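Each protein sequence line maps, in turn, to chains A and B. Residue 49 in this note's numbering sits at position 49 of the first sequence, and the numbers go up by one each step. Residue 111 in this note's numbering sits at position 111 of the second sequence, and the numbers go up by one each step.
Heads up, some of the hints might be wrong.
[As the list claims (entries may be wrong)] Straight-line alpha carbon distances no greater than 27 angstroms define the calculated DSSO-like cross-link-like pairs of lysine-lysine that follow:
| # | chain 1 | residue 1 | chain 2 | residue 2 |
| --- | --- | --- | --- | --- |
| 1 | A | Lys305 | A | Lys331 |
| 2 | A | Lys305 | B | Lys230 |
| 3 | B | Lys305 | A | Lys307 |
| 4 | B | Lys22 | B | Lys305 |
Everything labelled a hint here was simulated from the structure, so no lab data went into it. In this text the structure is predicted, and so the values were computed from the model without any measurement.
Number of protein chains: 2
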Amino acid sequence: MKNEMIHVGVIGLGNRGTDMIKNVVLPMPGIQVVAVCDEYEDRVKKGMEIVLESGASQPAGMKDYCELLDTPDLDAVFIFSAWESHIPAAIKAMEKGIAVVMEVGGAYSVQQCWDLVHASENNATPCMLLENCCFGRREMMVMHMVRNNILGDIVHASGGYHHDLRDEISFGRENRHYRLRNYLARNCENYPTHELGPIAKILDINRGNRMVSLTSTASSAKGLKEFIRKSPGADQSLLNREIAQGDIVTTVIKCARGETITLTLDTTLPRFYSRGFSIRGTKGMYEEATDSVFLDGVHDSMHFKWKEQWGNAEAFSKDYEHPTWKEYLSKGVQGGHDGMDWLAVSAFVRSLEKGIPMPVDVYDTAAWMCITALSEMSIQLGSTPVSIPDFTNGLWIGRTSEFS
Amino acid sequence: MKNEMIHVGVIGLGNRGTDMIKNVVLPMPGIQVVAVCDEYEDRVKKGMEIVLESGASQPAGMKDYCELLDTPDLDAVFIFSAWESHIPAAIKAMEKGIAVVMEVGGAYSVQQCWDLVHASENNATPCMLLENCCFGRREMMVMHMVRNNILGDIVHASGGYHHDLRDEISFGRENRHYRLRNYLARNCENYPTHELGPIAKILDINRGNRMVSLTSTASSAKGLKEFIRKSPGADQSLLNREIAQGDIVTTVIKCARGETITLTLDTTLPRFYSRGFSIRGTKGMYEEATDSVFLDGVHDSMHFKWKEQWGNAEAFSKDYEHPTWKEYLSKGVQGGHDGMDWLAVSAFVRSLEKGIPMPVDVYDTAAWMCITALSEMSIQLGSTPVSIPDFTNGLWIGRTSEFS
Chain A
1 MKNEMIHVGV IGLGNRGTDM IKNVVLPMPG IQVVAVCDEY EDRVKKGMEI VLESGASQPA
61 GMKDYCELLD TPDLDAVFIF SAWESHIPAA IKAMEKGIAV VMEVGGAYSV QQCWDLVHAS
121 ENNATPCMLL ENCCFGRREM MVMHMVRNNI LGDIVHASGG YHHDLRDEIS FGRENRHYRL
181 RNYLARNCEN YPTHELGPIA KILDINRGNR MVSLTSTASS AKGLKEFIRK SPGADQSLLN
241 REIAQGDIVT TVIKCARGET ITLTLDTTLP RFYSRGFSIR GTKGMYEEAT DSVFLDGVHD
301 SMHFKWKEQW GNAEAFSKDY EHPTWKEYLS KGVQGGHDGM DWLAVSAFVR SLEKGIPMPV
361 DVYDTAAWMC ITALSEMSIQ LGSTPVSIPD FTNGLWIGRT SEFS
Chain B
1 MKNEMIHVGV IGLGNRGTDM IKNVVLPMPG IQVVAVCDEY EDRVKKGMEI VLESGASQPA
61 GMKDYCELLD TPDLDAVFIF SAWESHIPAA IKAMEKGIAV VMEVGGAYSV QQCWDLVHAS
121 ENNATPCMLL ENCCFGRREM MVMHMVRNNI LGDIVHASGG YHHDLRDEIS FGRENRHYRL
181 RNYLARNCEN YPTHELGPIA KILDINRGNR MVSLTSTASS AKGLKEFIRK SPGADQSLLN
241 REIAQGDIVT TVIKCARGET ITLTLDTTLP RFYSRGFSIR GTKGMYEEAT DSVFLDGVHD
301 SMHFKWKEQW GNAEAFSKDY EHPTWKEYLS KGVQGGHDGM DWLAVSAFVR SLEKGIPMPV
361 DVYDTAAWMC ITALSEMSIQ LGSTPVSIPD FTNGLWIGRT SEFS
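Bound-form chain A, shown alone (with noise of 0.2 angstroms):
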């Protein structure tokens, strides 16, 4: 550490990137914004002006993201730009000695994961993938009974992405919004990691377990040219457009261990929200559609008797809420998405003051992020099986959990 307080830069000043700013970095103990930058004028300044409301010193104001990795003594980087800029924007951090938090997205090809491998390895300087659902309340109790053998041994584990973006991709300037160029462009699982990531961290992914390979099977997309059709404000010179994107996409995981993971994204067709989290194991299973647990000898099979448990989740939560949430919601939970950005930031921060291993770390980051480039291909050529590189090289056979 450089300073005293983490003295940080925030990449990108778009919706995400202004809500977390304001809600959680900015009022983090321990951090300072020290300089914010995004490619458009306007939303510098409106960054600049929310630091400062904020009652913090001025930051430094920039368009370009290598001039703001040359603020002098920076310790850390915030990434929440477009897509297509978090892995370049991560490596030329790291060269520098500076950590990196990243936002959410997929991986472009594997190639650029492997990189980000070796600069955060080359220059030891650590990168997070800011995967706030592995910090989910329901989650988090999951992966604690499983640790607990609730649920006995785990053998397959589901999620999606379930999340009805048409309004926001439709409505979105072309230059503006990344999800829309995407969407026009390109065919796979865009964005695994809301689900993967808190599945990876119960099935020991990279720490005793690894994923092998996967396939990835993409429906017609016809979803968002209904929508744009009986939407008078969207952007109609899109039905002349091809859609490359799939409605549903369905990527099938294979682990080392024999796991398997279903990942479905699911973001242009009308439907309520849902990470569609489901963890099955050999005594019991919880399953987030119905926000219930079953029990192997507790609960009764029948259908109909089930309906009866719909929800009974919470009534868990007394014997099994995690630890991290028992003592949250005791001091209060603070920040978006309830509550789980304020926790992953935090887990970042602490990590990088006491200098220990992310609870996301680089390994994950870029097994996660590979998986959209790969289901690009395995779409590509037909649902053909792919295979899933091995990031750490062999470690994940010693490694040990840092989250549990």
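Chain A is already provided as a structure; the job is to place chain B on it using the hints.
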């Protein structure tokens, strides 16, 4: 039709056969059971008694189904025997001009599905897979909603056979229960049709659409052994055997029109019963997990508000109950499995009487059953995508639905 009443033979008098003749076949108007058979003497005797107890005349009884098929003037045969015998018995029956109605199960090779189709075509004899779930109340309601364009264009469907059968499998004596020997020997989507049947009907499979390819991925097999270990009554010698069948098998099917279908086999882990039926369209969705309908512009997509809608499907039955079920509910639901069995057998009998195509015909039977053989292939080949044959040889393009 050779007789005024349809003369039927019954092959297979295990649990399912016994239950079906007692509750559905014998009480069904228009048919008469003239012969029963099973490879076990005790079952034949019991089957004959059940027929007599119903007030019908004494049927013939025999151990060999080939002998049963020689019964004079037999119009149709019900096949309730072990999985392995379904298609061979069906082919032998059709070669004698005897119509076939066959309990569900998967195929062991793609070739035997072709043989089944050829037997039906060459002998102009119908073959119906008794997929009772095509006649499920919710499945038919959702099909009715789809036909009325309430859910928009359908782009994805999913379903599963989520049924904890650990008891039945591991307590089954190896020679008398077909499931156990199959679980010891094979790793595949061994029971796809309960979910695939209704989905195939909704997606117009073999009638304007067809399934073109699939991938299948199996988890490790841990559920049965954990169950046997803690069940003193179960055959403990199974702990020394290798169990081939993975606990969870995920199969992803791609259709000619671009829809995807996800199937899950899930029979050896603790859980509640479900067919995991879900249909996703550009205007809305149905999801069995929460028995709910989501309509674009009607329901709120926020997750916490969505919980208030759990179970709302019943309210939709007022407007969208399938006409068949509307009538059925008013007259009184009969037979097992929530009344589905009765509707399925009744559809077979009425189609035979009228000489019209079966609602589930030989092309459907072949296409649905071949998924088992193809999933076994895909798993053996490391989840490689495999082609699904077109058993109609191009007729699917022009065929229209017999079941809507």
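The hints, checked one at a time:
1. Between A/Lys305 and A/Lys331 the CA atoms are separated by roughly 37 angstroms; this puts the pair beyond 27 angstroms, and the hint is violated.
2. For the proposed pair A/Lys305 and B/Lys230, the alpha carbon gap of about 24 angstroms is at most 27 angstroms, so the pair holds.
3. A hinted pair counts as satisfied when its Cα atoms are at most 27 angstroms apart, and B/Lys305 with A/Lys307 qualifies at roughly 18 angstroms.
4. With a CA separation close to 46 angstroms, the supplied pair B/Lys22 and B/Lys305 exceeds the 27 angstroms bound.
This entry does not satisfy hints 1 and 4, going by the numbered hints stated previously.
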